[in-house]
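Colleague: One letter stands for each residue in the lines below.
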Amino acid sequence: MKTIASILLKVWVKQFYIINAGFLFFVFFFFFGMVNGGQLISYHVSLIKAMLTSPVFMAVVLFAWLCYNIKCILFFTTAIKAQDSSFIYYLGTLPASKQWKLYLYAGALVYMPALIYSLFIIYLAIQQSMFGNAVLVAGYQVLMIAMTAWMLYYTINNNTSITTIEKITTAVNSAFKINFGYNGFLFGYVLNAKKMAFAMVKVFSILMLSISFVINGDHFDEDLFGIFYLLVFVAHATLVFYLVSFLETQLQFSRNLPVAWYKVAVMYCFTYSIFLLPELAFMLVNNHGNLPITGIILLYLTTVSTMFLCTSFLYGSGLNMENYLFLVFITFILIFFLQKTQLRLLTLTGILIAATFVFKSYYYSFQRE
Amino acid sequence: MLSIKNFEKKYGNSDEPVLSIHDCNIEKGIYWVKGANGTGKTSLLKSIAGLIPFDGNIVVDGLDIKHNRMAYLKQVNYAEAEPQYPVFLSGKDLIDFYRSTKKGNFPDSLLNNLGVEKFMRKKTSTYSSGMLKKLSLVLAFIGSPTLILLDEPLIALDVAAVEILQSAIRQYHQQGVSFIITSHQLFNNELVSCTTNLLLQEKTLQPETI
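Quick mapping for you: the protein sequence lines, in order, are chains H and C. Here my numbering is used: the first residue of the first sequence is -17, the next is one more, and so on. Here my numbering is used: the first residue of the second sequence is 125, the next is one more, and so on.
The set of hints was computed from the structure by calculation and includes no laboratory data. Quick caveat: nothing in here was measured; it's all calculated off a predicted structure. Any given hint could turn out to be false.
[Said to hold, decoys possible] Covered, in the sense of this in silico footprint (three residues per stretch, anywhere, with C-beta under 8 angstroms from a C-beta of chain H), are these stretches of chain C:
#, segment
1, 173 to 186
2, 228 to 238
3, 298 to 311
[Stated by the list, open to error] Computed list of chain H residues with no C-beta within reach of chain C, every gap over 12 angstroms:
#, residue
4, SER28
5, GLY114
6, TYR122
7, GLY170
8, LEU173
9, ILE209
10, LEU229
11, LEU233
12, LEU239
13, VAL248
14, ILE279
15, GLY300
16, GLU304
17, PHE308
18, ARG350
Backbone N, C-alpha and C fix where the C-beta goes; we use that ideal spot for every residue, glycine too.
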């Protein structure tokens, strides 16, 4: 039983968290990263109290948990039906009670983020003598895990070509399917193939910004912040490399389509501007007057332009990693000194013009080395 | 219809071109480019399709790829020998993308006859090589091209699909569309009878002499 549980831990639970690292990081950042550290507990206590007193708010939270549980179920269905997971069907030979224990265990582990938060809700509900709400939340979460376990039991023990669960999950999948237009291709790639890299870059970025804005918030040092922010840019330069590689290999066919260079340039800039929104939001929320708002917005736009400059370098260097790293290093030094001049608008304009010129010069003549 | 002048294709830092075509003019028609493996058939098609850079110039129906690139690319469509698409996209995503850029007509009958409609809503990660090939062929007929380049179009296709494709080529040819095809597999007699052979050897393109 222990051996089977550890296998399920590897093939389901670990995989679930790897695949959904980007999504979970985003949710975590949304709930915990954007609030000042000192106000984090009081913020969540007020949030939970609002939930306990407002039936509408409670219904919204219960619906959100249901959506997360459906996401978990969709993951399990896909994992079971994957060609390299056919051995999972051997679980069907175990006694029903053992199977249920294993499925409840796996279901609870992937549902863990919602479970942990609901424990705080139950604790606060009991503290406020709202026993009815505590029972409702606890019962609902047990129901969610039981739903996942039942689905696992049903799918594994009814190995037909298309199960009812699959029909339901396919319908749900189609309803939530993102329709990728050209501008969404780069997002689609990151969300599907580079989730871990994206999550790591964002964790690193927020850590760097936290040092300046939260840990040293009362003694904000603009010079130190300048260095940390440049490290944030360098971390994002790896994402730029992934995106250009993707566009010029898996989407190379798009060069046969009448899509002008400037549309491709706009797509890159648009993607970078969305990628950098968490950093912008973090700085705006945790600023507390350390930097002027216009300064933060100019910094954000300069980073978008610098990522576009890196994109142009990749086209100029034929996607050669060595040359690219060298050019990123030169850019790091150059921006470090430009920051000192306080000519922020001029720096932004200069980078944007240089990036556009290099991109236009090399886009059509690009060929991977 | 197609004019290739002072064309040279090099890879990497090599000074030696893999292809060199001084002056080649081709009238409307269906052309079967023959040549041994590694003679540069795919490089030639990719260059004409605008996928890879080259020295010299290529003009299709008066449109120069270097100076009228967008209009040129609306005239020239291309299907790869072994198509690969991002796994998170569905066939429909790709069809919509092609339609939004190429504009013009949509090959409904080819889509239905090849059976692409049945699987186009699924992600391409679930496609077999034959399904990918069928999708790439449908994509190559989208818009209002005057020249369609098909690199090894018969690879991975079943017998019925081969017949459907050859019939589509004849039908589009009658409507004024030209084709340049590379294939190591034979076409049926009906298509062969209206095909002109070109030979790619010694790094250049020339009419095949028997």
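Colleague: Now look at each hint and say whether the structure bears it out.
Modeller: Hint check:
1. 173 to 186: With 5 residues closer than 8 angstroms to chain H, the segment 173 to 186 of chain C meets the three-residue bar; holds.
2. 228 to 238: Result for this restraint: violated, n = 0.
3. 298 to 311: violated (count 0)
4. SER28: holds (39 angstroms)
5. GLY114: Holds, since 44 angstroms exceeds 12 angstroms.
6. TYR122: holds (33 angstroms)
7. GLY170: violated (5 angstroms)
8. LEU173: At roughly 8 angstroms from the nearest Cβ of chain C, LEU173(H) sits no farther out than 12 angstroms, so the non-interface label is violated.
9. ILE209: Per Cβ check, ILE209(H) is outside 12 angstroms of chain C; nearest 37 angstroms; holds.
10. LEU229: Check fails; 10 angstroms does not lie beyond 12 angstroms.
11. LEU233: With a cut-off of 12 angstroms, LEU233(H) comes too close to chain C, as the shortest Cβ separation is near 7 angstroms.
12. LEU239: It is violated; LEU239(H) is separated from chain C by about 4 angstroms at its closest Cβ, not greater than 12 angstroms.
13. VAL248: holds (14 angstroms)
14. ILE279: The claim holds: ILE279(H) sits with its nearest Cβ about 32 angstroms from chain C, beyond 12 angstroms.
15. GLY300: Violated: least Cβ distance 9 angstroms, not greater than 12 angstroms.
16. GLU304: holds (15 angstroms)
17. PHE308: With a cut-off of 12 angstroms, PHE308(H) remains clear of chain C, as the shortest Cβ separation is near 18 angstroms.
18. ARG350: The claim breaks: ARG350(H) does not keep its Cβ more than 12 angstroms from every Cβ of chain C (closest is about 9 angstroms).
When held up to the earlier numbered hints, the structure conflicts with 2, 3, 7, 8, 10, 11, 12, 15 and 18 and fits the remainder.
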